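2 protein chains.
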Amino acid sequence: MKRLTKNSKILIVGLGLIGGSYAEALTDKGYEVGAVARRQESIDIALERGFIAHGVTEVTKEYISRFDIIVFSLYPEVFKSWIKEHQDCIKDGAILMDVTGVKRSVVYDIQSMLRDGVEFIGAHPMAGKEVYGVENSDKRIFMNANYIITPTDKNTYEAIEMCRELGRELGFKTVTCLSPEEHDEMIGFLSQLTHCIAVALMCCKDSKHLVDYTGDSFRDLTRIAKINDAMWSELFMLNKDKLLSQMELFSDKFTELKNSLRDGDTDKMREMMRISTERRKFFDK
Amino acid sequence: MKRLTKNSKILIVGLGLIGGSYAEALTDKGYEVGAVARRQESIDIALERGFIAHGVTEVTKEYISRFDIIVFSLYPEVFKSWIKEHQDCIKDGAILMDVTGVKRSVVYDIQSMLRDGVEFIGAHPMAGKEVYGVENSDKRIFMNANYIITPTDKNTYEAIEMCRELGRELGFKTVTCLSPEEHDEMIGFLSQLTHCIAVALMCCKDSKHLVDYTGDSFRDLTRIAKINDAMWSELFMLNKDKLLSQMELFSDKFTELKNSLRDGDTDKMREMMRISTERRKFFDK
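From first to last, the protein sequence lines stand for chains A and B.
Taking our numbering, I'd label the letters of the first sequence as residues 1 to 285.
Taking our numbering, I'd label the letters of the second sequence as residues 1 to 285.
Hints were generated in silico from the structure; no laboratory data involved.
The structure presented is a predicted model; accordingly, all values stated were derived computationally and were not measured.
Every residue, glycine too, gets a C-beta built ideally from N, C-alpha and C.
Which residues of chain A face chain B? A few of them, derived with a C-beta cut under 8 angstroms, are: (1) T176; (2) L249; (3) F254; (4) M273; (5) R279.
Just chain A, with the same shape it has in the complex (with noise of 0.2 angstroms):
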């Protein structure tokens, strides 16, 4: 039975923000990490902080080939497109995992893309942080987050074992399943609405003279408010129906507030605020 051991070694292919903490944290943990990157740059960086074994920017079946684990940290589109050319390079038995934001229109696509003998199952590490590169990369932001695996029906236990124990060497405080349709929706909810809120709350007026009146609710509601455009339009369209449907959820619950301050019906405000007292006590930390 395949298992995840210090000596499995591990690939990064995607030296951004989440694949440069991920090394990190696996290097930390006494793991050999080697990466994939664009730019030469950002192997550099890895290796002066030590996040790295070894990298390289061209990818070779010799070099891609001495590992049993490889993360991939890249956009959805990217993504495929590298397995499509690439997959050769991977050996046979190897264990590929993702951290991409969406789940339905990667797993399933690269499952189906992937030649026996190789297995991906799906992972999605609900961490980050407004900046982004292999320079701002903390292996810190997994501390007290949630990481959630995706498996389908083509999973074997070994690999949804390894990613799960995978997760906890991370260092993330809770590990879940949820099928790629379930996490598609949680994530319309709980992160891209979200995200969705803060652009549109920001997009509002041109509020630089309002940082002299600001509380910090106003900056809490906005710290997501930059947001890398490329990366988020993407998400935000492979996860489309999702989304529209979260979206209108919170238009029809906004607008019910809303209606209730407009006919003066303080009961029903004090309602709602009363709900949304009691359901937040959950997600103190």
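Fit chain B to the supplied structure of chain A, relying on the hints for placement.
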């Protein structure tokens, strides 16, 4: 000319989170601070923690007339009743201030109710926590925060300067002046709208089980969803016109983003994301 000096005796009426934090900050700066509270327990806590020199639960002329500055930390309607009932207890020449989150409906009413010789100037400390009561008071909430003074043409230069000086003594980073109208529009957007968004978002789903899947974005957007329903519904109703128009503005922008997703208009989506990213940069602390 009246000035704030270390001999100025300061009374806090209402020992909640904000009143208590004012008391703590001003006592630490060397002022003699007294308090009026509804419950003896609040006085006891404030005495025990060294926030006040003395305090009472009954309003008497003997006690109230000692003070040069009185800061009201009460709900708007309670504040007005207090003035109606007890303004005879206030000594001639005293300066009154408040901490209320809406200004038009408070400032003009109070100023027109007050007898000659007693001046009221409105102020709004843009600071708070999601917990209540003097037991949670903490003067550090004013650090790095904004303090807005809302003078009218009934206010003297001396009172405005005293209020400004008090803001600085409390430890606020930025002290500014706005008209009550400007204040209410600003706060409708920055504070009230953000609370409406958080409440509506939290009302969307019975989300207890989502704790194991969430990232920090949902947490950040809903921090203020824990809300004092009595206080906030009163504040919302007192700023209904301004808040409604800010809610409309946000709804329009949110719908714009939703439609761009529905139509697959990624250019539009990315444009909104770039605007939000640019604007948010100004709000980094």
